[in-house]
Amino acid sequence: MVFFQNMGLLAVTPGMVFMWVIGLLLIYLAITRQYEPLLLLPIGFGIIITNLPLSYLMEPGEGLIWRFYHYGIEWEIIPPLIFLGLGALTDFGALLAQPRLIFLGAAAQVGVYVTFFIAYAMGFSLEEAATIGIIGGADGPTTIYLSAKLAPQLLGACAVAAYSYMALVPLIMPPIMKLLTTDAERKIRMKKGRKVTAREKLFFPIFAAMVIILLVPASAPLIAMFMMGNLFRESKVVERLNEVAQNSLMNMVTIFLGVSVGATMSADIFLRKEVIFIFFLGLFAFMISTASGILLAKFMNLFTSNKINPLVGAAGVSAVPMAARVVQKVGASADKKNYLLMFAMGPNIAGVIGTVIAAGIFISILK
Amino acid sequence: MQAAFEVFINGISGVFIGLAVLYAAIKINKLLAGREQARKEE
Numbered sequence: 001m002v003f004f005q006n007m008g009l010l011a012v013t014p015g016m017v018f019m020w021v022i023g024l025l026l027i028y029l030a031i032t033r034q035y036e037p038l039l040l041l042p043i044g045f046g047i048i049i050t051n052l053p054l055s056y057l058m059e060p061g062e063g064l065i066w067r068f069y070h071y072g073i074e075w076e077i078i079p080p081l082i083f084l085g086l087g088a089l090t091d092f093g094a095l096l097a098q099p100r101l102i103f104l105g106a107a108a109q110v111g112v113y114v115t116f117f118i119a120y121a122m123g124f125s126l127e128e129a130a131t132i133g134i135i136g137g138a139d140g141p142t143t144i145y146l147s148a149k150l151a152p153q154l155l156g157a158c159a160v161a162a163y164s165y166m167a168l169v170p171l172i173m174p175p176i177m178k179l180l181t182t183d184a185e186r187k188i189r190m191k192k193g194r195k196v197t198a199r200e201k202l203f204f205p206i207f208a209a210m211v212i213i214l215l216v217p218a219s220a221p222l223i224a225m226f227m228m229g230n231l232f233r234e235s236k237v238v239e240r241l242n243e244v245a246q247n248s249l250m251n252m253v254t255i256f257l258g259v260s261v262g263a264t265m266s267a268d269i270f271l272r273k274e275v276i277f278i279f280f281l282g283l284f285a286f287m288i289s290t291a292s293g294i295l296l297a298k299f300m301n302l303f304t305s306n307k308i309n310p311l312v313g314a315a316g317v318s319a320v321p322m323a324a325r326v327v328q329k330v331g332a333s334a335d336k337k338n339y340l341l342m343f344a345m346g347p348n349i350a351g352v353i354g355t356v357i358a359a360g361i362f363i364s365i366l367k
Numbered sequence: 001m002q003a004a005f006e007v008f009i010n011g012i013s014g015v016f017i018g019l020a021v022l023y024a025a026i027k028i029n030k031l032l033a034g035r036e037q038a039r040k041e042e
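In order, the protein sequences belong to chains A and B.
Residue numbers for the first sequence follow my numbering, beginning at 1 and rising by one.
Residue numbers for the second sequence follow my numbering, beginning at 1 and rising by one.
Keep in mind that the hints were calculated from the coordinates and are not lab data.
Cut-off 25 Å, straight-line C-alpha distance, at most; resulting in silico cross-link-like pairs (DSS-like, lysine-lysine): (1) Lys30(B) to Lys195(A); (2) Lys307(A) to Lys192(A); (3) Lys27(B) to Lys195(A); (4) Lys27(B) to Lys192(A); (5) Lys329(A) to Lys191(A); (6) Lys192(A) to Lys30(B); (7) Lys27(B) to Lys307(A); (8) Lys307(A) to Lys30(B); (9) Lys27(B) to Lys191(A); (10) Lys30(B) to Lys191(A); (11) Lys329(A) to Lys307(A); (12) Lys336(A) to Lys191(A); (13) Lys307(A) to Lys187(A).
These numbers were taken from a predicted model, which means no experiment stands behind them.
Given these sequences and hints, build the entire structure.
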């Protein structure tokens, strides 16, 4: 009977079953452990449905989810829209109050480039190595954006690695932070930053967009949207746009982003030994980024009387605001009355900008 | 390997230069929009 011949059930392979298990694991982690549920839940479901045979959901030109992927990610629409929402959600006050902390966000990108170099030495192409390295920036949309441009075949693995490690920040970062700092350093109390005026906050997104895009034009799609979202927020005259950007629009594109990323992970693409290397290298990048931020903070302390608590350097990896919260928690474990959260938000946000610049440099050199 | 090394050097220096220029922009922003309004608010 033709009905039986067209059944997907007969075309199931062991690889597909394995991918169902991975999809179910991500859904489990999202629901029971609350690990990045907004992303891991649709990604997990996307993995399952794309590995159902004969569904052709990712068939180029006709599959439903292929259309989400093609027009949303390959056409570079969804990641910049996520950045629009992030900009609307971001308060740059902490960074503007203590601008020297911006360099900690730069230091955290060292992990990106060290991992890039190692990945290339291991046999990945320059484009693939760049995509793997950017995982160290701990910024999901930027990882997806760069991957779609340079190495689409690694998009699913790199995105899942990035979001997984972002969810695991509270487990990955504290041992590195404690290893690289003394108890006395963890107890350093930083001086409160100056008051930032509303006008400074209003001017900043305009200045920042101009400066960064003039320096690294390839970063324009992400930085332009990020700063426009922030301008919505700080102008205080377009509350409706601000509200839409940070809520409904961001939620909508998150659905398409998650399911599209999950759907790129078909068994034939995902089940390769390179993917295991990607997960290890991604973790390595994340650890180096954390360490380099801390080490730069310690280095800066050699030249200033206004000491920086080196823990704050760890927040240079993006993962907003989780990394800053972990800094607060580790700092409070050394000194209960030491409030580092606001200080950590500065490098945390600088890390987002730094990762976008790093991605822009990769694109401008390799594309 | 030479190509990777060039990307490595350009990348790290580019990120630091980019954020250093942004640091300078924040300082200029403070001069333009920070002090006067802070005085008014006081």
